[in-house]
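*Asks:* Chain residues, written in single-letter form:
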Amino acid sequence: MEGNNTNSRILSIQNLIIKFRLRGQVLTAIRDISLDLYKGESLAIVGESGSGKSVLVKSIMGLLDKNGYINQGNILYKEYNLAKFKSEKDWLKIRGREIAMVTQDPMTSLNPLKTVGKQIEECVVLHQGLKGKKAYEQTLKLLTDVGIHNVEKRYKQYPHEFSGGMRQRIVIAIAVACNPKILICDESTTALDVTIQAQILQLLKNLQEKYGLTTIYITHDLGVVAKVADRVAVMYAGDIIEVGKTHEIFFNGKHPYTWALLSSLPQLGAKGEELDSIKGTPPNLFNEIKGDAFAPRNPYALNVDFVERPPFFQVSETHFAKTWLLHSDAPKVEPPQALQSFFEEGRRYAYGK
Amino acid sequence: MTKDHLWHLLPSFLGVIGLGEVRKMLWYIGKRLLQSVLTLFIIITIVFSLLRLMPEEGYLGSAAEKMSPEQQEIYLTNLGLRDPLIVQLGNFYLDLLHGDLGTSVTYRTDVPVTTIISDKITYSLLLGLGAVALSLIIGVPLGILMAHMKGKWLDRLGTGYIVFVVAVPAAVYYIFIQMYVTDLFKLPMLFDEYNPVSWILPLTSMALAPTASYAMWMRRYMVDELNKDYIKLARAKGVKERTLMFKHVMRNAFIPMAQYLPATILFTITGSIYIESLYSIPGMGGLLVDVIQRQDNSVVQGLVLIFSSLGIIGLFLGDLAMALVDPRIKLGKGGSVR
Amino acid sequence: MGIYSEEISNISQKSNENLFDFAVVDEQKAEQTGYSNYSYWRSTWQSFLKNRVALFLLVVVGLIIAFVIVQPYLPFQKSPTEIYIDEQTGSQARNVVPSAEFWFGTNSIGQDLWSRIWAGTRTSLFIGFVVALAEVVVGISVGALWGFSRKLEAPITQVYNIVENIPTTIVLILMSYILRPSISTIIIAMCITGWVEMARFIRNQIVILRDREYNLASKCLGTPSYRIILKNLLPYLISVIMLRMSLAIPFAIGAEVFLTYIGLGLPISEPSLGNLINEGRVLMMSPDLRYQLIFPSVVLSIITIAFYIIGNAFADAADPKNHV
Chain A
1 MEGNNTNSRI LSIQNLIIKF RLRGQVLTAI RDISLDLYKG ESLAIVGESG
51 SGKSVLVKSI MGLLDKNGYI NQGNILYKEY NLAKFKSEKD WLKIRGREIA
101 MVTQDPMTSL NPLKTVGKQI EECVVLHQGL KGKKAYEQTL KLLTDVGIHN
151 VEKRYKQYPH EFSGGMRQRI VIAIAVACNP KILICDESTT ALDVTIQAQI
201 LQLLKNLQEK YGLTTIYITH DLGVVAKVAD RVAVMYAGDI IEVGKTHEIF
251 FNGKHPYTWA LLSSLPQLGA KGEELDSIKG TPPNLFNEIK GDAFAPRNPY
301 ALNVDFVERP PFFQVSETHF AKTWLLHSDA PKVEPPQALQ SFFEEGRRYA
351 YGK
Chain B
1 MTKDHLWHLL PSFLGVIGLG EVRKMLWYIG KRLLQSVLTL FIIITIVFSL
51 LRLMPEEGYL GSAAEKMSPE QQEIYLTNLG LRDPLIVQLG NFYLDLLHGD
101 LGTSVTYRTD VPVTTIISDK ITYSLLLGLG AVALSLIIGV PLGILMAHMK
151 GKWLDRLGTG YIVFVVAVPA AVYYIFIQMY VTDLFKLPML FDEYNPVSWI
201 LPLTSMALAP TASYAMWMRR YMVDELNKDY IKLARAKGVK ERTLMFKHVM
251 RNAFIPMAQY LPATILFTIT GSIYIESLYS IPGMGGLLVD VIQRQDNSVV
301 QGLVLIFSSL GIIGLFLGDL AMALVDPRIK LGKGGSVR
Chain C
1 MGIYSEEISN ISQKSNENLF DFAVVDEQKA EQTGYSNYSY WRSTWQSFLK
51 NRVALFLLVV VGLIIAFVIV QPYLPFQKSP TEIYIDEQTG SQARNVVPSA
101 EFWFGTNSIG QDLWSRIWAG TRTSLFIGFV VALAEVVVGI SVGALWGFSR
151 KLEAPITQVY NIVENIPTTI VLILMSYILR PSISTIIIAM CITGWVEMAR
201 FIRNQIVILR DREYNLASKC LGTPSYRIIL KNLLPYLISV IMLRMSLAIP
251 FAIGAEVFLT YIGLGLPISE PSLGNLINEG RVLMMSPDLR YQLIFPSVVL
301 SIITIAFYII GNAFADAADP KNHV
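Protein chains in written order, with our numbering: chain A, 1 to 353; chain B, 1 to 338; chain C, 1 to 324.
Mixed in with the good hints, there may be bad ones.
Claimed, not checked - Across the chosen pairs, the derived CB separations fall in these ranges: (1) C:R227 <-> A:S49: 44 to 54 Å; (2) C:V59 <-> A:F286: 41 to 51 Å; (3) C:E153 <-> B:V87: 51 to 61 Å; (4) C:S39 <-> A:S8: 48 to 58 Å; (5) C:E153 <-> A:V194: 55 to 65 Å; (6) C:V59 <-> B:P69: 52 to 62 Å; (7) B:R251 <-> C:N204: 46 to 56 Å; (8) C:E153 <-> B:D83: 47 to 57 Å; (9) A:G147 <-> B:L154: 29 to 39 Å; (10) A:S49 <-> C:D21: 28 to 38 Å; (11) B:V111 <-> C:I65: 24 to 34 Å; (12) C:S39 <-> B:A133: 45 to 55 Å; (13) C:R42 <-> A:S49: 35 to 45 Å; (14) B:T182 <-> C:Y73: 24 to 34 Å.
In case anyone wonders, no lab produced these hints; they're calculated from the structure.
A virtual CB, placed ideally from N, CA and C, is assigned to each residue, including glycine.
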């Protein structure tokens with residue numbers, strides 16, 4: 001991760017292990033993750049449902065469910081170690097003020113019995129130190145920033161008077177009102193239709209530039225990633241298996257799981273071909289996993305994949321992948337044909353032109 | 001009522017902003033009013049018809065011994081009791097419109113039922129209102145505290161109290177309170193309207209059950225709401241847990257409560273039956289017990305009808321309160337979820 | 001975060017040639033998901049067992065019921081209605097304090113309180129059970145019809161709206177006033193008012209459930225109706241039913257006490273907890289005689305509280321959200 005200047009690293013997750021107590025058993029949701037976040041970038045965390053993406057970011061804000069706990073590891077932010085935070089007082093230093101979240105479902109995320117304006121103003125008062133009329137004006141400004149018209153009228157309205165896309169804008173306004181350094185978007189566009197999705201993503205990008213935010217996007221949609229992310233981390237079964245700049249992942253992915261993900265994207269224009277899907281299902285996280293978690297479903301698995309967990313192999317200054325295929329002793333493996341052409345085309349587009 | 005609500009209501013009432021809103025609300029209220037009146041009418045009819053089955057000695061009273069069976073027949077026919085049901089119903093409603101509920105036979109002979117009841121109604125009303133006020137003042141904060149300290153000693157204690165009050169029939173613990181607490185605190189056993197201290201026990205006893213109700217309801221509501229998504233977002237915003245509880249959840253809780261409040265007041269009046277007898281309070285409940293024992297049919301009829309009506313009126317007032325306070329109804333979206 | 005080059009060299013050294021060959025693809029392994037041997041009823045039962053208070057009370061209730069049934073056949077038991085004559089004075093053994101002969105003492109006409117209390121408990125429990133049972137049977141039938149049948153839904157809803165608004169106290173009083181008091185009257189009166197809540201509840205649940213997607217999915221898979229009801233709907237409903245049943249008993253007992261108090265309860269010849277409490281109430285003023293009030297009250301409180309707690313505990317245990 002030495003690609004960017006170490007000094008601009010603002011969040012550092014080190015060897016994090018998170019477990020949950022469920023029905024008398026213990027489930028390991030995050031199996032030793034290390035990840036850095038650099039100032040001003042936009043990092044996307046991609047993965048299937050159940051890969052642990054939400055759990056990871058919730059732990060950064062202390063919003064894990066009651067039966068979850070950090071077993072070991074550090075989360076370093078400024079002078080704090082978030083993994084060691086225990087009391088609400090500790091977390092109040094971080095929540096909103098430093099790290100804010102845009103949640104997934106705008107329908108249920110807003111208080112149905114409070115006006116939208118009041119809900120945004122609460123943040124302004126809490127984190128921007130404004131009161132009364134100044135806070136009101138700032139709230140109106142925020143509403144305008146997120147693209148809502150007729151702000152004075154809208155301020156007094158209740159959430160059920162807005163459409164889904166507009167509600168999401170309000171949730172974004174709330175997050176931005178907190179004046180955070182890091183903005184986490186947890187599947188923020190999943191509940192919206194595609195055209196609105198594009199608008200919201202553009203809005204987030206604009207806001208990021210305007211307010212100098214560092215953003216983390218959680219998504220399972222590669223299209224979203226392509227649009228907004230500078231760097232991508234691919235998660236599978238509670239572990240990050242590949243991380244790198246967006247074009248590196250998309251056009252030079254090295255982990256078979258990444259290949260599988262990219263292959264499963266329907267290609268517009270290629271009619272009549274069978275859609276690729278990954279055989280099998282993700283592993284049961286109640287059990288301890290030996291070796292590479294993806295091995296049972298990996299058509300390119302090596303024997304060592306079932307024995308030892310692969311460490312990060314370096315592909316470039318910014319690109320790392322956890323696959324034994326990159327070991328010097330491993331056989332040379334090419335990605336599937338269709339994917340290769342995709343890679344070539346992509347590289348030409350990104351570097352060639 | 002928060003500033004938001006006033007902000008909204010004021011213009012409505014002034015008819016400045018959105019006549020549409022005022023219209024929608026009036027429409028909703030009108031609908032509910034019609035429903036209530038209709039239900040009231042049906043219930044009164046049914047109850048009245050059922051009351052025709054009352055034993056007939058109740059109309060004759062002490063005079064029964066002096067009359068022969070034929071004389072009794074004639075007497076009853078004169079009272080209109082042999083007419084077909086429809087005719088009796090009609091006469092009843094006509095009388096009702098004049099404010100006439102019949103006359104008492106055994107309790108206070110030949111005194112109009114309305115007079116008898118109106119003497120008593122004030123006491124029951126005061127008792128009912130007082131009990132509800134007391135139970136709100138104690139019950140609601142108790143419920144909130146219990147939700148806040150969920151699982152700790154206060155919650156357990158509160159739950160124990162609620163279990164006791166709900167499970168054990170009121171009759172039983174009313175008696176015990178009267179027995180032991182009067183000794184303990186030197187409180188009077190009997191009610192005396194000029195002695196305010198004598199109000200304490202009846203009010204407190206009657207408030208015990210509603211307090212438990214409110215506390216239980218409030219606690220459950222708060223616990224449920226605190227798990228909802230919008231609270232999770234508020235937490236992520238950096239709002240303190242205490243602020244969440246008081247400014248967000250608690251405020252929201254009052255809205256559904258507004259709906260049940262009038263109904264509880266009126267139901268409490270019916271529940272005063274015990275207390276009034278135990279402490280000799282001259283209210284409607286005690287009256288009911290008396291007239292049942294004396295088999296005075298007309299008064300029984302009057303009381304039963306009044307009690308039935310009170311329930312419906314209460315529910316209607318509750319809906320009215322909801323309409324005024326819940327923004328979702330105010331703007332015409334969806335009716336009350338009961 | 002870095003590259004663990006040490007580990008890599010370790011592995012390389014430990015490796016046999018085999019390690020970096022392609023592994024045999026085993027499709028079975030790919031499909032292996034977590035097996036969960038979760039059984040709803042077992043989980044419910046286990047949750048319930050964890051609640052020691054409820055468990056304890058369940059045992060207590062069981063013992064009381066068993067005792068109440070067995071009691072008349074035990075030795076040294078007296079008749080609950082016989083009036084005992086004090087040998088020394090030759091008159092009725094009135095208001096005797098608890099003693100070796102009369103374990104709970106006697107009441108004001110000389111009847112043995114011990115046997116009266118258990119007889120009364122028998123009666124009250126009997127009334128409670130019958131009412132609860134009737135409530136469940138009628139309530140479920142009406143509720144099910146109401147929920148399933150689209151045709152009947154509207155008329156029943158109207159009827160419900162009307163019936164719901166009549167205060168139950170009034171109906172109880174009315175019924176008892178009209179039909180002279182007896183055990184059957186009380187049972188009938190309470191049944192008439194009781195089934196309403198149950199029916200509405202069942203109906204609400206059915207309406208919610210019948211259109212739930214998992215039932216739709218079952219239908220699509222070709223599951224026969226009876227199996228849908230048995231496996232999908234019933235577990236959901238049973239917890240609710242148990243809760244209402246267990247609450248019906250304290251309610252029934254309370255209603256009986258209430259009616260007796262007003263004067264519309266059972267005749268004195270039939271001992272019941274309501275009667276006993278009222279008899280005791282009259283003597284409230286004389287501290288020595290208070291035992292006549294306390295004993296039945298205590299028994300009644302134990303029973304009602306126990307049923308209430310057991311019912312709630314069961315409902316909590318049966319709620320799948322609490323099975324974590």
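*Asks:* Identify every previously stated hint that the structure contradicts and give their numbers, smallest first.
*Replies:* 1, 2, 3, 5, 7, 8, 9, 11, 13, 14
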